[in-house]
Amino acid sequence: MLELNNLKVTYGAIAALHGISLSVRSGSIVTLIGSNGAGKTTTLKAISGLLPVQAGEILYDGKNIAGLRPHEIVARGLSHVPEGRMIFANLTVRENLSMGAYLVRDPKIVRRDLEFVFATFPRLQERVQQISGTLSGGEQQMLAIGRALMAQPKFLMLDEPSLGLAPLLVKTIFEKIVEINRARGLTILLVEQNASRALEISHFGYVLETGQVTVQGDSASLRQNAQVQSAYLGG
Amino acid sequence: MNELLQQLINGLALGSILALIALGYTMVYGILRFINFAHGDIFMLGAFAGFYLAPRIATVLPLPSVAGALAVLVISMAVCATLGVLIERLAYRPLRKRPKLTVLITAIGVSLFLEYTGQFVFGAAPKKFPEILPGFAVMHLGHLSFNSNQIVVISVTLLLLLALRFIVLKTRIGMAMRAVSFNPEAAALMGVNPDVIISFTFALGSALAAAAGILWAINYPSIDPLMGILPGLKAFVAAVLGGIGNLPGAALGGIIIGVTETLVSGYLSSTYRDAIAFAILILILLVKPSGLLGKKEVEKV
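In order, the protein sequence lines correspond to chains H and V. So the first sequence is numbered by our numbering: it starts at 1 and just counts up by one. So the second sequence is numbered by our numbering: it starts at 1 and just counts up by one.
The following block holds chain H by itself, in its conformation from the complex (with noise of 0.2 Å):
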């Protein structure tokens, strides 16, 4: 479904990728690990068109979408939860979550994808009036997703959603993330700090070290590998 070939991006003149390459079939759930500036966010942000690309392609459905703005890409179906989550903090919940569907056209669509969020993350339903930005951390994770989930996305890219979360919502959180899989058949792309839990839920594995491609698997493959295990596992 997505395939990125040779894809370079540079920071100036300084290289953040150097020509990673990778695929994610349909319907699977793909997890990119590695260190804090390895180019796990880099990657998903050129894919969704947040940073120019300087060489390589990105294939969405065999077309070349590198070059495309932020806002055509959206329109193809391929959805991004940013890292820090980005919620619109001046809006209420129900804002963010048309904000999610902006793109969507049909009132009934919207309305049908709204209920879905919220049988998903009923607590968003909860606090549907309230100004999101007075939510807790966790709670504006899932407002993160379910917005993404509001566009209709075939194709969903989630960055760091994990971070600085309580244990417990890490665990619901992951649990959301394969229900979600499971029950739209969306394509995942998902970044992590928490390798263990990501590899746990996830089908296939990259692992990037300093913007290259490293190590690569399925999930149960990459737990087993020593150097996976000694880097990211605490084994």
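What the hints contain is simulated information worked out from the structure, not anything from laboratory work. There are no misleading hints in this set.
DSS-like mimics (lysine-lysine), calculated; alpha carbons at most 25 Å apart, straight line:
(1) H:Lys108 with H:Lys154
(2) H:Lys8 with V:Lys97
(3) H:Lys176 with H:Lys108
(4) H:Lys154 with H:Lys63
(5) H:Lys171 with H:Lys154
(6) H:Lys108 with V:Lys170
Once you've looked at the hints, dock chain V against the given chain H.
Same frame as chain H, now just chain V:
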């Protein structure tokens, strides 16, 4: 007491006009984080649009008349909205990724360009704005007297403020404006095309400035190409006073500056009239730089 109330009404009329201009400054700041110093000149162009439109409208609709005046107002707003969008597209958009200072200096350049092109095209000598509203009626309410123009200014402003409030709070594009203003990157990830929102913001702000220009010209019918400088600066002060980026703040700031200015020229000396806005600016920057209703902007790292 009566005189005070009278002065307050005068101040409210002046303040309404400043509020309309201030909204344009604050909206553009909210979206792009830069001060469009050419905004006062859009106000001037609004008055001139009305000046040149009035004779043409008079061939279709009776002038002075309410319908005719409304036509002058609405078409001038549309003309200036288009100009505002054009200015953004030609002068500011190519510099979107450049440092803010570059855009700021460009805005000053655009301002000078409009003022001196205005002098070249319209002539530097003041022109008399035609009477577009019937009769200069003075109404009495107890010991107070309003002239009909003040009532027009205040009520048109009120209607425009309500319309703006509706657009910003209740429409899809208004919600997108608020989203872009809060976090442009996140708004883009929702599918918002920032260019559309920026153009819309310039159109909206410029239309309000044009309305202010017409209302001003109805009250003070002598118009010239440099007439936008001082009201523009005062409206900028009003926007800072209310908290730049904050819409109710801009309206409040405009009213405060207008009323203060009228009171100072009524009770102290009209010599200080123009100085008062800038005294307020210095004061607010010393005491509460974020403005009356503004929030402290935290520099994100």
